[in-house]
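> Under the numbering used here, think of the first position of the sequence shown as 1, with each following residue one higher.
Because the hints were derived from the structure by calculation, they are not lab data.
Be careful, since some hints might not be right.
In silico EDC-like links for lysine to aspartate or glutamate, alpha-carbon gap of 20 Å or less [stated by the list, open to error]:
no. : residue 1 : residue 2
1   : Lys376    : Glu332
2   : Lys376    : Glu462
3   : Lys376    : Glu168
4   : Lys376    : Glu252
5   : Lys383    : Asp370
6   : Lys383    : Asp412
7   : Lys383    : Glu436
8   : Lys376    : Asp392
9   : Lys383    : Asp123
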Amino acid sequence: LVDDITGQMVNVTNTVIDPNGPTGMHRWTSNRLLAAEAELVDAAHTEAVFVPPAGDVVPEFGGQLSVSQRAAALGVSTSTRQLDVLVGPAGSGKTTTMRALADHWRNNGARVLGLTTSQVAADQLAEAAGIEAENTARWFAAANSRCRTYGADPSDPAQWATWGAHLEPGTLIIVDEAAMVPTLDLQRIQQAAAVAGCKVLAVGDPFQLDAPGAGGAFGLMVSDDRVNALHLEEIHRFQHTWEREASTRMREGDGAVVDLYAEHQRIHGGTEAEMYTQVLEAWIGDQATSEAVMVTQTNDQASALARAAREHLIGAGTVDTNRQVALRDGNEAGAGDVIRTRRNNREITAGQRGFVRNRDTWTVQRIHRDGSLTVKSQNGGAKARLPRTYVDAHVELAYAGTAHAVQGRTVDAAHLLCNPNVSREALYVALTRGRETNSAWVITDSTDHPEWVDGEPATTAEAALHLAIERAPEAQSATQALRDALDPRSLRAILPAWQHHLHHEVHASTVEALAAVGLDAGEPPSSLVGAIRNRYTRTGVSPATTVEQITQASLDGANDPWAVLTARCQQAADTLPPDSNEWMSPDLNAQTAAVQRRYASLRQLAADPPEWVTSRIGPRPDHAGADTWDQLANASLVYADTHSTLRQPDPLAAHAASDAGRRAHAQLMGDINQYRTGHATAHQPAQTTAPAITR
């Protein structure tokens, strides 16, 4: 049954992203997802399909807009594309721009509809931009329900748009935080808008948090040369001028900006206990005069930090513990506590017309005998009564939350508690919430996926955040992943299959060679096979030659002969000439030749490298340092071809998500930094090697 289900899934999916990868390690996507991404990109660059509400009249926008806000508003209001893309970094005034566009649309007699992924965000959009707004899940569900009522087919875009969505020609549909909208949902909105004669404006930032489902479409549209994406450039949120520039550098992956944050005492590091204590103390210090948030990397951290905050509030007499109720996050709440609801429930009314929404925050006013809560909204003061069953399953303390809980918010101060492996997106969101201050508190004794510097775990907050900022963004569309993986000549495309095939043939050759010298006492351990394989990739010496060399000395008296052989292999001098590849199968021989050709072409490219190489390493010197420069240039190109793509403007600005890739990036950047500061590297610059390839 499992095989049948798997087969059906593969048939539905039927597109492998990395066909050259080893068996069992392929990544898959669906033709449906690839088609949706292509359709969205086409809609975003195809002209003459939409008539602007003011026709050929160029609108005038008031002086309240900045230069880039006005340019964006003009671009959208005069565009004939059915789908426009607006990119706004944190604090750039996306809402101000959307409100100006909404006013223009309404002034010309057309409707404006806002859609976003959460009801809280929809309500905030409705209030800030002055438009009707709904969360996408609710909007889809209501449209599907109307289709069933009228007997229409919800799978047909024309019927769904007409009978379900009730869209009117000329409507502007603003999809806010579009990077967080799953690709197929975004496609469904675009299809309905196209049928009804509406315009879609996708607003977001590909460098902030991504969709929980299959996403990356927004970033794909932004990066496509055919799409004239509009950009908001001025940053308005931050009180300090330096922080405006710093947030932009962080967003673009410039790890060196960490020094600027450290200079302004915004980065702190220490043990887990120290960081929990210090971030809590900072938050407590803000309570009297500021609106502050504590942001965490994980839900567990949020629960623990919220518990500590509650203990402080109990001691201060703010929270009553005479009667308490258990919450979903393992904490308790009493009268005076601030809680967060985590599921929309339209049956639980709040005030005259409201209802309980996901991520709303409330102050507990009373705990009833049945465990239900009377709560008062912190946004408007509406009251609601939460049933005990809802409290048990969907309520948590609100004193701390992850980056997903705060994206879209603006406060006075933000304090981030994180591990060294925090993502760039989460870091950027957390450190751009505060107008006055944004600080990071990094647990440097964390053993949970530590960052690596010069081959060793990062031990300082600055080093860890430097790498976090330079890490590749996690969101990637299926189309972009497929493009990167299908460059048929790249090391990224050919190395995985070659390494997988090589390991198996080295294993078989090692077993055969050991038997030939009389050592056929069972399966050789992976450590020995790996050492023999590594020696081959470094020197070209065949497994048979290595086995013959390391078994010449007696193993008599050895408690662990395999360990002895492994040590001998690792310590063997690289003085033997490379062997021919006759021991390989024809397939592996052909793969090896392809890898060798790629390394040779990269060496040729290093002689006249792309601009990003020289900007990282500096110009090639004429003195003795030229050899090291050549090695670093070649290693940079090898890294880019293995873990990123040579087509990137600067492949070293965003390193791989895999542990191996991250270590390779850290090692290479450490070598480059040592070279640029005038210190000789302690070893040959890191580079991926293959038999006689780098010779």
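> Next step is simple, just say for each hint if it's right about the structure.
Here is what the structure says about each hint:
1. Lys376 with Glu332: holds, 18 Å
2. Lys376 with Glu462: Answer violated: Lys376 to Glu462 is near 41 Å, above 20 Å.
3. Lys376 with Glu168: violated, 38 Å
4. Lys376 with Glu252: violated, 40 Å
5. Lys383 with Asp370: holds, 18 Å
6. Lys383 with Asp412: violated, 26 Å
7. Lys383 with Glu436: violated, 31 Å
8. Lys376 with Asp392: holds, 18 Å
9. Lys383 with Asp123: With a Cα-Cα distance of about 17 Å, the restraint between Lys383 and Asp123 holds, given a limit of 20 Å.
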